[in-house]
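**Q** Start from the sequences, fold in the hints, and give me the full structure.
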Amino acid sequence: MTTRSPSLLPRSASAPGLLVLAGAGLFLAAVDAYVVVAALLRMLTSVGIPVLPAANLERGTTIVTGFLLGYLAVMPLAGGLSDRFGRLRTFGACLVLFAIGSLLTATAGSLGQLVAGRVLQGAGGGGLVPVVLALAADLYGGARRTTALGGVSGLQELGSVLGPIWGGVLAAISAQGWRWIFALNLFFAAGLLAALWPGIRQRPARLPQAPLDLVGALLAAAALALLVVALYAGDPQRSPVGSGFWWQAPLAILLIVLFVIRERRARAPLIDVRHFRDSGFTGAALTNALAGAGLMVALVFIPVLAQSSVFSLDPRQASFLLFRLLLGIPIGALAGGVIAGRLRSNRGVAAIGMLIAAFAFALLAGWNQDALRGHLLGTPLRVADLELFSAGFGLGLEIAPVSAALLDLVSDAERGAAAAFLVIARMVGMLLGFSAVAGFGLYQFDRVTARLTPPLFSLRPDYAVRLAQYELQLRQAILDQYHTIFTIAAALVLAGALIAAASLRPPRVRA
Amino acid sequence: MSALRPSGARAAARLSATGLCVALLCACGSTPPDPAALVRQTSAHMNGLHAFHFTMAVQGFTGSAMPVRSAEGDARPPDLHARVQLAEGGVLLEVETIVAGGRVYLKSFTGGWQPLTSAEVAQLFDVQALFDPKVGLFSAMAATAGPADGTQQSVGGHSTWTVTGRLDGTRVHDLLPVAQAQGEDSATYWIEAPSTLWRASLSGRLFDPAKEATITFDFSAHDHPVTITPPPLG
Numbered sequence: 001m002t003t004r005s006p007s008l009l010p011r012s013a014s015a016p017g018l019l020v021l022a023g024a025g026l027f028l029a030a031v032d033a034y035v036v037v038a039a040l041l042r043m044l045t046s047v048g049i050p051v052l053p054a055a056n057l058e059r060g061t062t063i064v065t066g067f068l069l070g071y072l073a074v075m076p077l078a079g080g081l082s083d084r085f086g087r088l089r090t091f092g093a094c095l096v097l098f099a100i101g102s103l104l105t106a107t108a109g110s111l112g113q114l115v116a117g118r119v120l121q122g123a124g125g126g127g128l129v130p131v132v133l134a135l136a137a138d139l140y141g142g143a144r145r146t147t148a149l150g151g152v153s154g155l156q157e158l159g160s161v162l163g164p165i166w167g168g169v170l171a172a173i174s175a176q177g178w179r180w181i182f183a184l185n186l187f188f189a190a191g192l193l194a195a196l197w198p199g200i201r202q203r204p205a206r207l208p209q210a211p212l213d214l215v216g217a218l219l220a221a222a223a224l225a226l227l228v229v230a231l232y233a234g235d236p237q238r239s240p241v242g243s244g245f246w247w248q249a250p251l252a253i254l255l256i257v258l259f260v261i262r263e264r265r266a267r268a269p270l271i272d273v274r275h276f277r278d279s280g281f282t283g284a285a286l287t288n289a290l291a292g293a294g295l296m297v298a299l300v301f302i303p304v305l306a307q308s309s310v311f312s313l314d315p316r317q318a319s320f321l322l323f324r325l326l327l328g329i330p331i332g333a334l335a336g337g338v339i340a341g342r343l344r345s346n347r348g349v350a351a352i353g354m355l356i357a358a359f360a361f362a363l364l365a366g367w368n369q370d371a372l373r374g375h376l377l378g379t380p381l382r383v384a385d386l387e388l389f390s391a392g393f394g395l396g397l398e399i400a401p402v403s404a405a406l407l408d409l410v411s412d413a414e415r416g417a418a419a420a421f422l423v424i425a426r427m428v429g430m431l432l433g434f435s436a437v438a439g440f441g442l443y444q445f446d447r448v449t450a451r452l453t454p455p456l457f458s459l460r461p462d463y464a465v466r467l468a469q470y471e472l473q474l475r476q477a478i479l480d481q482y483h484t485i486f487t488i489a490a491a492l493v494l495a496g497a498l499i500a501a502a503s504l505r506p507p508r509v510r511a
Numbered sequence: 001m002s003a004l005r006p007s008g009a010r011a012a013a014r015l016s017a018t019g020l021c022v023a024l025l026c027a028c029g030s031t032p033p034d035p036a037a038l039v040r041q042t043s044a045h046m047n048g049l050h051a052f053h054f055t056m057a058v059q060g061f062t063g064s065a066m067p068v069r070s071a072e073g074d075a076r077p078p079d080l081h082a083r084v085q086l087a088e089g090g091v092l093l094e095v096e097t098i099v100a101g102g103r104v105y106l107k108s109f110t111g112g113w114q115p116l117t118s119a120e121v122a123q124l125f126d127v128q129a130l131f132d133p134k135v136g137l138f139s140a141m142a143a144t145a146g147p148a149d150g151t152q153q154s155v156g157g158h159s160t161w162t163v164t165g166r167l168d169g170t171r172v173h174d175l176l177p178v179a180q181a182q183g184e185d186s187a188t189y190w191i192e193a194p195s196t197l198w199r200a201s202l203s204g205r206l207f208d209p210a211k212e213a214t215i216t217f218d219f220s221a222h223d224h225p226v227t228i229t230p231p232p233l234g
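Protein chains in written order, with my numbering: chain C, 1 to 511; chain D, 1 to 234.
Take the hints with a grain of salt, since some may be wrong.
Said to hold, decoys possible - Have a look at the derived ranges for each label pair, beta carbon to beta carbon:
1) C/Ala-464 to D/Thr-117: 18 to 24 Å
2) C/Ile-261 to D/Gln-153: 53 to 59 Å
3) D/Gln-152 to C/Phe-187: 36 to 42 Å
4) D/His-45 to C/Ala-464: 44 to 50 Å
No lab work stands behind these hints: they were computed from the structure. Each residue gets a CB set at the ideal place from its N, CA and C atoms; glycine is no exception.
**A** In structure tokens:
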């Protein structure tokens with residue numbers, strides 16, 4: 001385990017060079033995960049989807065959920081596929097998938113094509129993650145392996161922090177500027193493929209193959225897709241969930257039960273479901289999922305609110321506002337690792353991180369039209385900046401202790417799979433939390449605005465007054481919807497804090 | 001024409017391009033029909049339709065007077081039910097309108113249905129005029145000046161002849177009151193012989209004396225049954 005496995009690699013390749021190229025691919029995909037959040041409204045407008053009535057905005061959520069679904073469908077399989085077909089070939093295939101998705105998105109004239117492109121980008125991007133981690137583990141052994149894996153993971157985190165800014169800046173250039181986000185992906189992907197081509201061409205050595213649990217992966221992906229459909233509020237005037245919720249949700253649960261049965265019998269399960277009997281393991285997974293749900297809600301709805309008629313920012317300004325939260329995540333993550341190690345407490349640090357985040361979300365839920373005005377005691381900082389930063393900091397703080405608590409519970413051989421499972425748990429939380437919260441928010445908005453009719457243009461003297469009144473009420477309705485969304489998110493994160501406090505174990509003492 | 005297989009039609013088109021066998025083509029019946037007659041017949045046929053589906057898309061300069069970007073709906077003249085997309089501050093908003101029983105109803109992007117007075121309708125984009133039998137698009141067709149043959153083009157899988165011509169600005173203003181009633185605009189019709197209109201476009205300085213814009217209408221589901229009822233108010 002401690003030596004490099006040269007049989008996997010092209011003879012001519014240098015380890016650092018390969019890792020840098022593979023890491024760059026991972027970075028590219030990570031940037032894309034949240035790149036759309038500040039560009040969402042522009043993208044919808046470009047493909048002819050109106051933002052009001054609210055039912056149309058719900059259609060726009062598929063741009064976000066499509067990527068996450070593609071990601072979750074492929075990620076559990078890609079590691080096993082790369083054992084069979086070679087790391088670099090699987091990496092190349094994922095990158096091609098990502099590029100095709102980018103091309104579809106960049107050229108989309110309809111929402112359908114846009115979402116199809118995002119699903120493929122997610123599938124390619126999700127596939128890259130385990131392949132690059134496995135490649136890093138192949139290339140380096142021993143202590144250097146931890147550094148290599150840490151470096152690769154750090155690149156991924158950095159990409160997801162920079163993604164919204166990159167997207168916001170490009171989207172702000174012009175009405176169609178967002179297309180550059182995806183067009184540029186093609187150049188980057190082509191460059192990476194060309195650089196890795198000598199390695200991709202070489203026939204990879206055959207590795208001992210564990211059976212690939214295709215059935216399990218399909219069941220899990222189908223269950224998730226069905227849950228997303230069930231939570232999709234196609235008609236937010238009538239219901240905060242989909243019209244088929246009553247049969248889709250039970251069917252999805254049935255699929256999850258089948259998945260569990262399958263995983264218990266499979267020779268090489270995607271995840272050893274027996275771990276869930278351990279409350280520490282289940283608690284860590286749930287905490288991570290709830291943190292993901294809170295994060296995704298903030299990632300999408302802060303830029304949307306910023307660009308609504310309440311604050312009227314452009315995509316670039318909206319992404320800079322979100323950056324305060326994004327900046328808090330890596331700082332919190334570093335602090336969480338250090339503090340949890342010093343205090344030897346996973347439970348306390350994770351719970352406090354989630355509590356800080358829940359409190360910050362509750363404060364965010366109280367934003368009104370003046371939220372972005374007023375500076376703090378003569379400093380350039382606003383209260384809003386601190387609230388956003390605290391939300392990110394709290395969500396960052398829980399990452400290391402929750403991961404450590406879960407990884408301590410599995411054997412050394414299972415660590416790779418368990419680390420991937422943590423990412424998956426977070427993504428599942430993002431997907432389901434966001435789907436549910438978006439539906440409820442739009443339902444709330446529709447209820448508030450059901451009797452709010454805009455005045456028709458007329459030459460009557462009271463027209464200007466009535467229009468101003470209407471705009472005030474509309475802005476208040478948008479804020480009300482936003483209050484609902486962030487109150488639910490705060491409750492979810494608070495639940496995560498309670499679960500973490502109740503279930504996580506202290507760090508294991510190592511000899 | 002209908003007896004020709006697609007490959008035969010392509011071959012015939014190639015011959016027509018080289019201008020060799022005009023007589024043969026006439027015998028086959030795939031020569032362009034007389035454009036004036038085609039437009040006249042189509043105008044009468046479309047005005048006589050019980051119902052159809054339509055989309056409308058606006059491109060080019062529109063200015064603040066014309067926020068409409070597109071519309072889609074069903075018409076059962078004089079009744080109509082359409083969703084209309086408006087551009088407002090960089091994003092699209094959608095409103096819904098129903099014309100039924102001589103009244104116009106509007107459902108804006110928030111709130112419920114409200115009936116409009118004719119004065120209010122006049123302030124907005126008046127959809128009633130679009131397909132009005134007297135002033136609408138189909139009767140304007142009959143007034144197309146200088147109709148000329150175009151090419152054979154496929155629209156949504158239908159083989160059509162294009163006919164180009166000019167429409168007086170006042171006619172365009174009649175069917176689309178937000179358009180300028182000045183000068184002349186160019187019109188193109190995509191007609192499947194003998195008289196089915198699949199697409200029509202109007203272009204010119206529609207909304208500004210100096211800037212070009214184009215409106216394209218697509219039609220489908222000719223004479224399919226459509227019912228349009230007044231909406232529940234509130």
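**Q** Decide, hint by hint, whether the structure agrees.
**A** Hints, verified against the model:
no. : hint                               : verdict
1   : C/Ala-464 to D/Thr-117: 18 to 24 Å : holds (19 Å)
2   : C/Ile-261 to D/Gln-153: 53 to 59 Å : holds (58 Å)
3   : D/Gln-152 to C/Phe-187: 36 to 42 Å : holds (41 Å)
4   : D/His-45 to C/Ala-464: 44 to 50 Å  : holds (47 Å)
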